Amino acid sequence: NAGVTQTPKFQVLKTGQSMTLQCAQDMNHNSMYWYRQDPGMGLRLIYYSASEGTTDKGEVPNGYNVSRLNKREFSLRLESAAPSQTSVYFCASSETAENTGELFFGEGSRLTVL
Amino acid sequence: AQSVTQLDSQVPVFEEAPVELRCNYSSSVSVYLFWYVQYPNQGLQLLLKYLSGSTLVESINGFEAEFNKSQTSFHLRKPSVHISDTAEYFCAVSGGGSYIPTFGRGTSLIVHP
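Respectively, the protein sequence lines represent chains A and B. If you're matching positions, the first sequence starts at 923 in this note's numbering and goes up one per residue. If you're matching positions, the second sequence starts at 568 in this note's numbering and goes up one per residue.
Isolated chain A (complex conformation) (with noise of 0.2 Å):
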């Protein structure tokens, strides 16, 4: 069972560059999530979906868009990198919008802006 699998495990982008994370998980989960850790700040959510079609930001949506491709994916985009978006991402999941806040981990990608 893969669970939740984001690609690529690590990236190095310019400034100004455009880029787009994948994540995918086969658990049948309603609700997928984008988070961003960066040292000392833990994790702070980017954007989430809390079922297929809908989308909604988080605490630090600015300079990224996602997509709800289906019920299984989940993709976030940068458009134009900054040198603030270096950060590790991770990807979640979790059953229902009603759920009890349980969710489930990618591995997470590496990101670096130069």
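Worth flagging that the hints you see were computed from the coordinates, not collected in a lab. Relax, there's no trap hidden among the hints.
Calculated lysine to aspartate or glutamate pairs in the EDC-like style (CA-CA distance at most 20 Å, straight line):
1) Lys936(A) to Glu1001(A)
2) Lys931(A) to Glu1001(A)
3) Lys645(B) to Glu625(B)
4) Lys616(B) to Glu1017(A)
5) Lys616(B) to Glu655(B)
6) Lys616(B) to Glu1024(A)
Bear in mind the structure is a predicted one, so any value in this text is a computation, not a measurement.
Since chain A is already given, all that's left is putting chain B on it; use the hints.
For chain B alone, coordinates are given in the frame of chain A:
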């Protein structure tokens, strides 16, 4: 709005010693509480959770946490740590109409031989 405070950013301890990682939350309604663990270069995984019922919850690898409503705390404890427990630990809270958990900033547990 909910918030979580993890009082220690780093906790060094010797192997086989006891450890406590502190977590306080603020919420005016019923909450669900979680501890997640992140081993080096991995994603987070659920360690234990409090949803309702007994205020003392345990994990399969010897950790336990106690929900204290009056002190709004959910501290994580282990009576004897191993080198393999070295990891980052995150406390999280959800509930009160918001199913999305809010995470603390994390506590790095460093177990020395």
